[in-house]
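Single-letter residue listing:
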Amino acid sequence: DAGVIQSPRHEVTEMGQEVTLRCKPISGHNSLFWYRQTMMRGLELLIYFNNNVPIDDSGMPEDRFSAKMPNASFSTLKIQPSEPRDSAVYFCASSNRGTSGNLPEQFFGPGTRLTVL
Amino acid sequence: QQPVQSPQAVILREGEDAVINCSSSKALYSVHWYRQKHGEAPVFLMILLKGGEQKGHEKISASFNEKKQQSSLYLTASQLSYSGTYFCGTGPTSGTYKYIFGTGTRLKVLA
Numbered sequence: 001d002a003g004v005i006q007s008p009r010h011e012v013t014e015m016g017q018e019v020t021l022r023c024k025p026i027s028g029h030n031s032l033f034w035y036r037q038t039m040m041r042g043l044e045l046l047i048y049f050n051n052n053v054p055i056d057d058s059g060m061p062e063d064r065f066s067a068k069m070p071n072a073s074f075s076t077l078k079i080q081p082s083e084p085r086d087s088a089v090y091f092c093a094s095s096n097r098g099t100s101g102n103l104p105e106q107f108f109g110p111g112t113r114l115t116v117l
Numbered sequence: 001q002q003p004v005q006s007p008q009a010v011i012l013r014e015g016e017d018a019v020i021n022c023s024s025s026k027a028l029y030s031v032h033w034y035r036q037k038h039g040e041a042p043v044f045l046m047i048l049l050k051g052g053e054q055k056g057h058e059k060i061s062a063s064f065n066e067k068k069q070q071s072s073l074y075l076t077a078s079q080l081s082y083s084g085t086y087f088c089g090t091g092p093t094s095g096t097y098k099y100i101f102g103t104g105t106r107l108k109v110l111a
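These protein sequence lines are chains A and B, in that order. Mind the numbering: the first sequence is residues 1 to 117 in our numbering, read in order. Mind the numbering: the second sequence is residues 1 to 111 in our numbering, read in order.
Calculated directly from the structure, the hints in this document are not laboratory data. Do not take every clue at face value.
[What the hints assert, rightly or not] Straight line, CA to CA, 27 angstroms or less: simulated DSSO-like cross-link-like pairs of lysine-lysine:
| # | chain 1 | residue 1 | chain 2 | residue 2 |
| --- | --- | --- | --- | --- |
| 1 | B | LYS108 | B | LYS37 |
| 2 | B | LYS59 | B | LYS108 |
| 3 | B | LYS59 | B | LYS37 |
| 4 | A | LYS78 | B | LYS59 |
| 5 | B | LYS50 | B | LYS67 |
| 6 | A | LYS24 | A | LYS78 |
| 7 | B | LYS26 | B | LYS67 |
| 8 | B | LYS37 | B | LYS98 |
| 9 | B | LYS67 | B | LYS108 |
| 10 | B | LYS98 | A | LYS68 |
| 11 | B | LYS108 | A | LYS24 |
| 12 | A | LYS24 | B | LYS98 |
[Claimed, not checked] So these bits of chain B aren't anywhere near chain A, every CB distance computed over 12 angstroms:
| # | residue |
| --- | --- |
| 13 | GLN5 |
| 14 | ILE11 |
| 15 | GLU14 |
| 16 | ASN21 |
| 17 | SER23 |
| 18 | LYS59 |
| 19 | ASN65 |
| 20 | LYS67 |
Backbone N, C-alpha and C define an ideal beta-carbon position, used for all residues, glycine too.
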């Protein structure tokens, strides 16, 4: 299994530009999570999907951030317009919810390091 | 509310033991532990469910005290490969899909 795939791995852009981060979850997983990691705030959950449906987006910072999951094998996180304070590492993770009722382990992608100048 | 981990950082010599604590202000149903090496993604270590169960992974074990809303990670006879940042992830209720990650503990093992 290839694991969770994210692209690009690094992104440098200028303030005001649109940024799109991409994620391909592990095949068969039904939950997908977007996280942002910074030194100041640690690992923050932005949004998660279950069966392609957004369940909780309370962690999305503001309207400049949006996420979609058009099908089970692809998700995007878009920032428009980007600002320097959006600079961070963005991780995508997937898991298989299963039927046990317990919170399953999450498999993280390698992350996208975003720098907004 | 983000779980608080202690200590924030610890430096060990190979073979020494360490304990990392995770405390939540909210009632917990489950606790997960992850390790993140520098420049890499977090990797799952273990899950603990309410009931004080203790799990193990290599020479790493953990406990969960739901009454105290705490979990502790025990690293025994630490190895160089244990270096990294450890995060607890807490799940407040059964059936929820998400958990909240703790503040993190940076662990450095020296030869």
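Violations among the numbered hints, reported as their numbers in ascending order | Per hint list: 4, 9, 11 and 13 violated.
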